[in-house]
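*Asks:* What follows is the residue order along each chain.
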Amino acid sequence: MTEFKRIIKAGFINFRRGGLVSWAAVLVVTITLSVIILIILLQAVLYFSLNSVKDKVDVTIYFIPDAPSEKIMLLKSSLEKLPEVANVSYTSAEVALANFRARHGNDYPTIAALDEIGNNPLGAFLNVKAKEVSQYESIASFMKGDNPLLQSIIYKINYNQNKLVIDRLSGIISGAQELGFLVTLILMIISVIITFNTIRLTIFIAKEEIGVMRLVGASKIHVRGPFMVEGAVYGIIATFITLILFTPATAWLGRNMTDFLGLNMYDYYISNLFQIFAIILLSGILLGVISSFLAVRKYLNK
Amino acid sequence: MIYFNNVSKVYKDAVALDDVTVAITAGEFVSIVGHSGAGKTTLTKMILADENPSDGTVFFESTNVHKLKSKELTKLRRRIGVVFQDFKLLPNKTAYENIAFAMEAVGKSDEEIASDVPHVLELVDLSHRMHHFPTELSGGEQQRLAIARAIINQPELIIADEPTGNLDPINTHEIVQILKKINDLGATVILATHNRGVIDAIGKRVITMENGKIIRDSKHHT
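Residue numbers (full-length UniProt numbering), protein chains in the order written: chain A, 1 to 302; chain B, 1 to 222.
Honestly, the hints are just simulated from the structure, not real lab data.
If you're wondering where the values come from, they're calculated on a predicted model, not measured in any experiment.
Glycine included, each C-beta is placed from N, C-alpha and C at the ideal position.
Where hints are given, some of them may not hold.
As the list claims (entries may be wrong) - Pairs of lysine-lysine residues, derived as BS3-like cross-links and limited to a Cα-Cα distance of at most 25 angstroms, are as follows:
1) A:K9 to A:K220
2) A:K9 to B:K93
3) A:K5 to B:K108
4) B:K93 to B:K108
5) B:K75 to A:K207
6) A:K220 to A:K5
7) B:K45 to A:K207
8) A:K207 to B:K12
9) A:K298 to B:K69
10) A:K5 to B:K71
11) B:K12 to B:K67
12) A:K298 to B:K71
13) A:K220 to B:K75
14) B:K67 to A:K298
15) B:K219 to B:K45
16) B:K12 to A:K298
17) B:K93 to A:K207
18) A:K9 to B:K108
19) B:K108 to A:K220
20) B:K75 to B:K93
Unchecked claim - The following residues of chain A were derived to be distant from chain B, with all beta-carbon distances above 12 angstroms:
21) Q43
22) I189
23) R200
24) M228
25) L282
Chain A with its partners taken away, still in its complex shape:
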């Protein structure tokens, strides 16, 4: 316990006495942590945009005007049982007509033609949303396939009209996710390498000191411990600096870029602050501690 206390204390003292070198390391860790937050925010924008596009995609099943509603409801409940289906909404023929009238309220010839017909020419319809864009095809084939009883009441399914858009969207979404992951990975690797090398440089300065410590009989942990604590201090201070810097930055983005990004960055940042704090604190401490651990190892051989 005494040993542990001494190591912690020595780490803090080393940081304080390290002066400019310590702050240079904090700056580099801050940059790395900023990259991590930036990636988190970009992912949020990406997923928000993809989700809002996904939400616009659906498949609508139109029924013939006099299709019995029990059969439609039967189809609705069997659709709802499919694992791919997120939700199914039913619009009756009457509601469809009312909606049509409301939509074309200013279009006098259309309304006049509708009145001329007398009865309701529109059928009911079911609107089906899948959990994933790629699952529409299997839903469409389920409806067309094994239920001949229902085929008689279905007027049309708009899947084929939407198929091209849905297919391309599927491709774009999975491409965007893969690209996002790749960019994240590359940025993270670059940041980690830069941080590791900066901390390695700060420890290189203390290379002789490490040798002397070993010669006076200090154990490996007694030598290495304070450097690891110092690395953790870099991470902790950098975490707070990064969080403070991103508050006005996201506020500015929230005020000026919400329309462009489709997402209020400030609201997202503040509502996820605890998770973001946990992620970057952990990343900062791990980066500092592991880099120090590896960098000291080189000089600890003797």
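Got chain A; can you put chain B on it based on the hints?
*Replies:* For chain B alone, kept in the frame of chain A given last:
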């Protein structure tokens, strides 16, 4: 206590030690003298296992120091106090902390550190410099601090490699007197130097080295 058995050390194209065999018994004060490059420093580094021999073996008591594992080597080094020509103090620690570090390394308690450090600093006349960093001390003061650090854990052996190399005659005399006192108190002292005057002032066993070989050992001539 220490036994070099046909020890050789060859760096790429230079021979630092050439088939050295020598024994040092406990409580001795042995001076190793020779020009720069004669092999004095390499010899002292061998005892600490800071250098590995190209050939031969080095024993500390009955232990082959180069066969020790890292942990055992750490324990061995705690029994040896080392003083270097360039002092090798920890630059980011004060005089007090430099000595405290050596005590922490051997697991001394905070109470022992608080009572022993001021005492040893007084012994080397550095009480008034306790909270100064090494860069704020003169050469003589730094070397006295290095000696204080070397003796704080009452080691069985003190290795002093050119401890007076960077000092003026007055400081040199002081350092030699401190080393003699440590030897009188029972520790074995190995002093490597190129300064004949220092050795004459001590008047104990002298090993003379040249080109990595022992060319004279006063023990066998008296």
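*Asks:* Determine for every hint whether it applies to the structure shown.
*Replies:* Going down the list of hints, with the structure as the test:
1. Restraint check: the Cα-Cα separation between A:K9 and A:K220 comes to about 17 angstroms, which is no more than 25 angstroms; the hinted pair holds.
2. Only pairs whose Cα atoms come within 25 angstroms are accepted, and A:K9 paired with B:K93 is accepted, the gap being roughly 13 angstroms.
3. Note on A:K5 and B:K108: the hinted pairing holds, with a Cα-Cα distance of about 14 angstroms set against a maximum of 25 angstroms.
4. Distance restraint check for B:K93 and B:K108: the Cα-Cα separation of roughly 18 angstroms lies within the 25 angstroms cut-off, and the hinted pair is therefore satisfied.
5. Between B:K75 and A:K207 the CA atoms are separated by roughly 22 angstroms; this keeps the pair inside 25 angstroms, and the hint holds.
6. Among the hinted pairs, A:K220 with A:K5 is consistent with the structure: their alpha-carbon atoms are about 16 angstroms apart, no more than 25 angstroms.
7. As the CA atoms of B:K45 and A:K207 are separated by approximately 18 angstroms, the hinted pair is consistent with the 25 angstroms bound.
8. Distance check on the hinted pair: A:K207 and B:K12 sit about 24 angstroms apart at the alpha-carbon level, within 25 angstroms; holds.
9. Restraint check for A:K298 and B:K69: the C-alpha separation of about 17 angstroms stays at or below 25 angstroms, so the hint holds.
10. Between A:K5 and B:K71 the alpha-carbon distance is near 22 angstroms, which keeps this suggested pair within the 25 angstroms criterion.
11. For the given pair, B:K12 sits about 23 angstroms from B:K67 by alpha-carbon distance, which is consistent with the 25 angstroms threshold.
12. The suggested pairing of A:K298 with B:K71 holds, with an alpha-carbon distance near 17 angstroms, which does not exceed 25 angstroms.
13. Only pairs whose Cα atoms come within 25 angstroms are accepted, and A:K220 paired with B:K75 is accepted, the gap being roughly 12 angstroms.
14. With a CA separation close to 21 angstroms, the supplied pair B:K67 and A:K298 stays within the 25 angstroms bound.
15. Proposed proximity of B:K219 and B:K45 is supported: the alpha carbons are some 22 angstroms apart, at most 25 angstroms.
16. This hinted pair checks out: B:K12 and A:K298 have alpha carbons roughly 22 angstroms apart, not beyond 25 angstroms.
17. For the proposed pair B:K93 and A:K207, the alpha carbon gap of about 15 angstroms is at most 25 angstroms, so the pair holds.
18. Taking the CA atoms of A:K9 and B:K108, the gap is near 16 angstroms; set against the 25 angstroms cutoff, the hint holds.
19. Proximity of B:K108 to A:K220 is assessed by CA-CA distance (about 17 angstroms); at most 25 angstroms being required, the pair is judged to hold.
20. Under the criterion of a C-alpha separation no larger than 25 angstroms, the hint pairing B:K75 with B:K93 is consistent with the structure, at around 23 angstroms.
21. Once the 12 angstroms rule is applied to beta carbons, A:Q43 is consistent with being away from chain B; the minimum gap is 42 angstroms.
22. The Cβ of A:I189 sits about 32 angstroms from the closest Cβ of chain B, beyond the 12 angstroms cut-off, so the non-interface label holds.
23. Against the 12 angstroms criterion, A:R200 stays outside the reach of chain B, whose nearest CB is about 18 angstroms from its own CB.
24. Every beta carbon of chain B lies more than 12 angstroms from that of A:M228, the smallest distance being close to 16 angstroms; the non-interface claim holds.
25. Interface exclusion of A:L282 from chain B stands, the closest Cβ pair being 29 angstroms apart, more than 12 angstroms.
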